[in-house]
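Number of protein chains: 2
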Amino acid sequence: MNNFDFKNPTKIIFGKDTIEKVKEEIPADAKVLLLYGGGSIKKNGIYDQVKTALADVDVTEFGGIPANPEYATLMDALKVIKDENITYLLAVGGGSVIDGTKFLSAAAVYDGDTPWDILTKNIRTEKGMPFGTVLTLPATGSEMNSGAVITREETKEKLAMGGPGLFPEFSILDPQVITSIPERQLANGLTDAFTHVLEQYMTYPIGALLQDRFAESILQTLVEVAPTVLKDPTNYQAASNFMWSCTMALNGLIQKGVPGDWAIHMMGHELTALFGIDHARTLAVIAPSHYKYNFEAKKEKLAQYGERVWNITEGSTDDKAYEAIAKTEAFFHELGIDTKLSDYTKDYEGTAEEVAKRFKTRGWKLGERQALMPEDAEKIVKMAY
Amino acid sequence: MNNFDFKNPTKIIFGKDTIEKVKEEIPADAKVLLLYGGGSIKKNGIYDQVKTALADVDVTEFGGIPANPEYATLMDALKVIKDENITYLLAVGGGSVIDGTKFLSAAAVYDGDTPWDILTKNIRTEKGMPFGTVLTLPATGSEMNSGAVITREETKEKLAMGGPGLFPEFSILDPQVITSIPERQLANGLTDAFTHVLEQYMTYPIGALLQDRFAESILQTLVEVAPTVLKDPTNYQAASNFMWSCTMALNGLIQKGVPGDWAIHMMGHELTALFGIDHARTLAVIAPSHYKYNFEAKKEKLAQYGERVWNITEGSTDDKAYEAIAKTEAFFHELGIDTKLSDYTKDYEGTAEEVAKRFKTRGWKLGERQALMPEDAEKIVKMAY
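The listed protein sequences derive, respectively, from chains A and B.
The first sequence begins at 1 in the working numbering and counts up by one.
The second sequence begins at 1 in the working numbering and counts up by one.
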């Protein structure tokens, strides 16, 4: 096991009818900016619940934060924060709204030339503007971590940021929000959380027995609840386990003391930047090819995953590892998620070369051993056509 | 799954040669009281490591905190805190030293008549004197939670306390400390952590699929590493998994959203108060009888535990549940832990009646349904003779 530091100060408020508790968590004298996305919260009643809870609080609103939160939109929100002397941010939405809010938390206190530096110069935020979240879409885990990913349409870039000052002060997780989420988004959420765990787990054995089992616990639970979540989102038991699994998949715990890969995300981000494909679906496109291409380096963990998550008992380590990749791809298909780039776009020719070119420009070496070069990424993306 | 709040702000610093990092965590202008136990830290080198790290810090010392931290001793330490204007507490030790430090953190800021009230009147501490810990004995989980248990020899009482202000600010966990721990204490630590998980898990099914699997993950890991921990404490892989499992067993995570039992602890505490039996051993004495006595109420979870932790595949739910209890008792025996009260004292006659009398005086109803009455405790303790 590697040495590690672990600290996660976010307060989770989990359960039925908890949205009204938002009022108890925000200082009474705060000037709040309520941030949300495309407006679905106005149709499903969550907006009304939040507004009712905050009836006595000074609240300004900023809606319209898109999926893959866009820099230009966020700069408009930053202007509101400055103009209105906002002191507290409240994200009501999924990972995109929360990630956008984290960028704003950092940008609101950043005193450099341009907030874009936070992304390109990898500036870590030690203390941002305080914020909380009301989660409306389980998937990214952003509600209990300190990272974010921001997109800039202008340059077709999608970049990561973070820092210890970017944990939400609180996050409210009411599994009942799932009842109003379209099936497509639920499938995305399941795929996203599942791949988050894989990125932290599917590396090489390092003797972190407990972390391995925790990771497998989340994967097993997602596999167990997925059919019910898709078929009947009103099933509270499935919804609550789905929601808590998504949070635990990326709140830092299972990555402590172990190597991390994240190459699937890095390649996937480029597919979103280039084609606008849903984030989760890009992961499902890349993952099978990534595991096949890096089979020798990952086969021990692939086999362990096959045994423990998919109950594969027959065959050699290689057999179990191959079967585990097949099971993973089949799982994505069962969720209704296509796993080939050509399923999403006809213009895929040249994508692999473009991704490799971008990685080369940025000097990126990826994977748990930093051994995955741009030319490897090119081959993996091509395998995923 | 039940609704829950979860927040755990303790910073964990985990790994090889991390004790020197204690300096980075304590404010430079702090007046520190370093608290420790019977002096083993002076023999195993941990004291020297801490003192070297804190060479430039104003440190006063208070040693001699006994196992089952004793109120009278702690009141002497409280006098030092007041006399020396101490501003920061540093516990270097196991659960007893850390629990004692939590009492002092609360008592230092308490302005009621007598600090004993904190225990008898169940006064929760919202903000105590800040403190950190250097853990020398994995077992209780006190290094990452906000609870403590204090003993008063005078009245033969052992009482619990806690509050959100009693999380350590940081805890340093260097698994190498295990190399100098006597086998008896290692066996106690394994038993203590194992039983902590059981108390939060062995209740009734409530559909918290992920919490169940996390609990089972800790149990499986403790079972896997226990033989190596006892045979070769220098094995770092076993030591690190043991240490992290003990912390995760009682840092709040696995109890969220599920019912808790804790009756084994409540009965066990009385055996320590009456006979001075090691805390962990009292749990091993009570657990098998408790599960046999409450078999009907707990058999579904007992069977699940049998299947998943002990790989019991044959038989009915009842068969698996019985076999799981037998496996648990056999595990304690393999650790060298006796499981009958008569193995520890010849004066056991009348113990059951005394425990029942105490519970009756306090008006206690125990267990996950608060349905375990003093007369039930009497029968369970008698079964454990």
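Simulated from the structure, these hints should not be mistaken for lab results.
Be aware that a few hints might be false.
Which copy is meant is left open, because identical chains are indistinguishable; a pair holds if it fits in one copy or across any two.
Said to hold, decoys possible - Restricting the straight-line Cα-Cα distance to at most 25 angstroms, the calculated cross-link-like pairs of lysine to any residue (SDA-like) are:
{"no.": "1", "residue 1": "K231", "residue 2": "N2"}
{"no.": "2", "residue 1": "K21", "residue 2": "D5"}
{"no.": "3", "residue 1": "K23", "residue 2": "N2"}
{"no.": "4", "residue 1": "K127", "residue 2": "D56"}
{"no.": "5", "residue 1": "K127", "residue 2": "D17"}
Bear in mind the structure is a predicted one, so any value in this text is a computation, not a measurement.
Evaluation of the provided hints:
{"no.": "1", "hint": "K231 x N2", "verdict": "between (41 angstroms within a copy, 23 angstroms between copies)"}
{"no.": "2", "hint": "K21 x D5", "verdict": "between (31 angstroms within a copy, 11 angstroms between copies)"}
{"no.": "3", "hint": "K23 x N2", "verdict": "between (41 angstroms within a copy, 21 angstroms between copies)"}
{"no.": "4", "hint": "K127 x D56", "verdict": "neither (27 angstroms within a copy, 28 angstroms between copies)"}
{"no.": "5", "hint": "K127 x D17", "verdict": "neither (31 angstroms within a copy, 29 angstroms between copies)"}
In this structure, the hints that do not hold are numbers 4 and 5, in rising order.
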